[in-house]
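A.B. asks: What follows is the residue order along each chain.
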Amino acid sequence: MAVAVDLQGPDKPMPYVEAAAPDFKVVLDQKNVLGSVFGYRAIPNGVFIDETGILRFRKFSGFDIRKPEMAAEAMRFVSGANSVGLEVSEAEASGDFFSRGLALYENGDIEGAKAVWRAGIEAEPDHWNMRKQLWAIEHPEKFYDGAVDYAWQKEQVEQGH
Amino acid sequence: MDPVEIGSKVPDVRLPLLNGDGDVGLADYAGKRLIVFAWASW
Chain A
131 MAVAVDLQGP DKPMPYVEAA APDFKVVLDQ KNVLGSVFGY RAIPNGVFID
181 ETGILRFRKF SGFDIRKPEM AAEAMRFVSG ANSVGLEVSE AEASGDFFSR
231 GLALYENGDI EGAKAVWRAG IEAEPDHWNM RKQLWAIEHP EKFYDGAVDY
281 AWQKEQVEQG H
Chain B
44 MDPVEIGSKV PDVRLPLLNG DGDVGLADYA GKRLIVFAWA SW
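Chains as they are written, first to last, in this note's numbering: chain A, 131 to 291; chain B, 44 to 85.
What the hints contain is simulated information worked out from the structure, not anything from laboratory work.
There may be inaccurate statements among the hints.
[Stated by the list, open to error] Partial chain A-side listing against chain B, Cβ under 10 Å, derived:
| no. | residue |
| --- | --- |
| 1 | A132 |
| 2 | Q138 |
| 3 | F154 |
| 4 | V157 |
| 5 | G183 |
| 6 | E271 |
| 7 | Q283 |
| 8 | V287 |
Quick caveat: nothing in here was measured; it's all calculated off a predicted structure.
Note that CB positions come from ideal geometry on N, CA and C, so glycine has one too.
Please model the entire structure based on the sequences and the hints provided.
C.D. replies: Below is the structure:
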């Protein structure tokens, strides 16, 4: 199952899903519910859950199934293995800045939401979900006019934004 | 809510399908092994 973490709704992630045409379900997590459940503050993430609903593995920020070692581990897991050979990332609980900003955003107070998220980014500088969501709202042209401008994102980080 | 730890039960969370055609819960995969991949357009 894939989870599109995008508070702006289905329109932004949909083109990518249509292009990929996956044969598994894709859900939308506008409120970062799974971020709270699993404790992640950035993407891409991989979480393995066994047949009894037990969490067996998590990899936050950097999970890439195209990497041979991750694909191999995923195959081992679906084949029945519970031990995971990859390094397990530690979950970090997130503050509530994201949720408070989201509540304002959903009520139409965009400027209020942005202010809360800016404060949240100062308090939690490695909360990349919050930082990138703010960037995407303030600079949509860097995300949705063709390819995502990762060079621009790198500049923002270098400039401390 | 504290994050789920390795070895602990994952709560049943339901989320809407991206295409708007209903929703899906983690418990819907009971009896099966599930890989959840979180990504974003940004």
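A.B. asks: Against the structure shown, which of the earlier numbered hints fail to hold, in ascending order?
C.D. replies: As far as the earlier hints go, 6, 8 are violated by this structure, in ascending order.
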